[in-house]
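Please put together the full structure from these sequences, using the hints given.
Same order as they appear, the protein sequences are chains A and B. Going by the working numbering, the first sequence opens with residue 1, and the numbers climb by one from there. Going by the working numbering, the second sequence opens with residue 1, and the numbers climb by one from there.
The set of hints was computed from the structure by calculation and includes no laboratory data. None of these values were measured; they are calculated from a predicted model. Don't be surprised by glycine CBs; every beta carbon is placed ideally from N, CA and C. Certain hints may be false.
[Claimed, not checked] Taking CB as the label site, the calculated pair distances span:
(1) B:Glu184 to A:Ser100: 51 to 61 Å
(2) A:Leu26 to B:Arg14: 26 to 36 Å
(3) B:Ala110 to A:Gln166: 43 to 53 Å
(4) A:Leu26 to B:Asp15: 54 to 64 Å
(5) A:Arg189 to B:Glu51: 15 to 25 Å
(6) A:Glu59 to B:Thr12: 26 to 36 Å
(7) B:Cys43 to A:Glu136: 18 to 28 Å
(8) A:Arg18 to B:Ala114: 53 to 63 Å
(9) A:His188 to B:Ser31: 21 to 31 Å
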Amino acid sequence: MIRSNDNSDGRLAVDEERGLIRAAQLGCKESARRLILSHQDRLSAFIYRMIRDRHDTEEVCQEAFLRAFGALRTFDFQHRFSTWLFTIAYRLCLNAMRKSRDYAGGIDFTSMASTHRHPATEADDDVPDSVANTDEARRLRDVIWNSVEELTPHQRAAVLLFYREQMSCQQIGEVLDMPAATVKSHLHRARLKLRETLAGRMADGWSSVRFDASAG
Amino acid sequence: MFDQKGFAVATTCRDVRHLYDAYLDGELSPSLAAEVQAHLLQCPECQREVEMARACGHLIASDPGAPVLPDDFASRVVAQLDQPQTILPMPPIMTRRQRRRVLLERAAAAFVPAAAAILLLVVLIVPPGSREPESPRVVLGDSSYRPIDALGVREWVGPTFSTLQSTGRMADELQGLYHMTVREAESRIPIRPEPYLTAVPVPTLPDGSAFLTELLNPLIQVLSAPPPPPPDDEIVRF
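Right under this line is the structure:
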């Protein structure tokens with residue numbers, strides 16, 4: 001498989017993405033597969049953070065791709081494929097949350113986060129604790145994600161898309177189906193709430209702890 | 001920070017706090033960013049808060065922490081694209097107001113059948129004369145021909161009697177209304193003669209017109225049974 005134009009996190013260049021979409025519209029399975037491969041990890045992470053259910057994440061992710069490819073003929077090339085895909089996924093997440101009546105958040109995410117280890121980090125178990133893998137770093141990671149889970153679905157989605165997908169408020173507004181100004185307001189309130197929540201939970205000396213992307 | 005006349009004033013924590021997000025996102029002008037930076041250098045409290053916000057954003061952006069999809073996930077999805085039934089439409093998104101409107105529409109649509117079903121149940125459950133007479137007997141004020149059980153307890157007679165009275169009246173009215181409707185229908189639609197309607201002259205039936213009678217026949221048989229008159233010695237009159 002040729003992935004020369006992929007970025008380090010699997011993101012495709014705009015031109016290459018458009019070429020793959022056009023080929024997929026004509027029925028090219030390999031192009032569809034490449035589009036899926038370049039988006040599946042980011043999408044599943046977003047869905048998991050939204051619905052907070054490990055078992056439903058794969059199901060919702062698969063349905064999002066099926067719906068996206070089912071309506072691929074109507075794709076507007078003025079947008080990025082990821083914006084379109086995340087729009088579908090966001091709606092599916094809302095439906096899933098509505099079904100499970102999980103809006104208020106009844107799951108102890110702290111325990112889930114603390115027990116989960118990303119496979120990429122399994123190999124790091126033998127490595128002596130760096131600052132990023134200390135118990136304090138793990139605890140802080142749980143505290144932060146726990147605070148994110150306490151946000152409303154709109155705020156949570158805005159925060160995830162802003163930080164993880166580096167989307168602009170305009171793009172986030174397309175995903176959430178709301179004006180960019182409203183997104184900015186959601187984002188501001190979310191960050192304010194995060195700061196207020198974390199201020200009471202962070203231990204002294206936390207700022208000496210550093211996180212890295214591979215730490216689970 | 002500058003006052004209304006453009007003179008620089010001392011930057012306070014309150015001034016800086018609402019600029020944290022813009023500062024971290026690099027959206028401030030160079031001069032304003034420099035002022036925020038200067039304040040942070042001399043204020044450990046604000047510095048701590050900004051560092052916390054920065055670390056929080058960094059973690060959210062970079063922490064994987066999500067379940068890893070199977071290696072064959074993409075292949076499985078592509079395989080399902082070949083099956084036409086798995087091509088799903090875009091999921092609808094509904095606002096809270098839209099959901100409320102749909103619920104109201106569904107409730108309104110279900111109201112008429114539900115009300116009709118309740119009325120039908122009342123008519124079927126409380127037909128005139130369907131209850132066996134028990135002592136003591138109570139006779140409704142204006143429907144002396146129809147006895148209703150008062151459960152045999154004098155203290156309960158009042159409310160129970162009132163409920164039964166209204167139910168009985170409703171049943172009577174429904175029964176009368178029904179008979180009137182049937183007679184009206186018979187006068188317009190040719191209906192097959194039935195034993196309970198022998199007193200009414202019925203024209204000859206053409207084929208396919210007896211559905212109304214067939215449909216309502218069980219109900220009519222229950223309703224048309226005459227109530228047995230209770231013996232006078234078991235009746236308590238009000």
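Structure-based check of each hint:
Checked against the given bound of 51 to 61 Å, the beta carbons of glutamate 184 (chain B) and serine 100 (chain A), roughly 54 Å apart, stay inside it. Distance hint check: the CB atoms of leucine 26 (chain A) and arginine 14 (chain B) are about 59 Å apart, inconsistent with the given range 26 to 36 Å. Taking the beta carbon of each, alanine 110 (chain B) and glutamine 166 (chain A) are about 48 Å apart, inside 43 to 53 Å as hinted. Our hint of 54 to 64 Å for leucine 26 (chain A) and aspartate 15 (chain B) holds, since their Cβ atoms are close to 57 Å apart.
Between arginine 189 (chain A) and glutamate 51 (chain B) the CB atoms are about 21 Å apart, so this pair conforms to the stated range of 15 to 25 Å. Between glutamate 59 (chain A) and threonine 12 (chain B) the beta carbon distance is about 51 Å. The supplied range of 26 to 36 Å is therefore violated. Distance hint check: the CB atoms of cysteine 43 (chain B) and glutamate 136 (chain A) are about 25 Å apart, consistent with the given range 18 to 28 Å. A hinted range of 53 to 63 Å holds for the C-beta pair arginine 18 (chain A) and alanine 114 (chain B), which are about 54 Å apart.
Between histidine 188 (chain A) and serine 31 (chain B), the C-beta spacing of about 22 Å keeps the proposed range 21 to 31 Å intact.
Comparing the model with each earlier hint shows violations of hints 2, 6; every other hint is respected.
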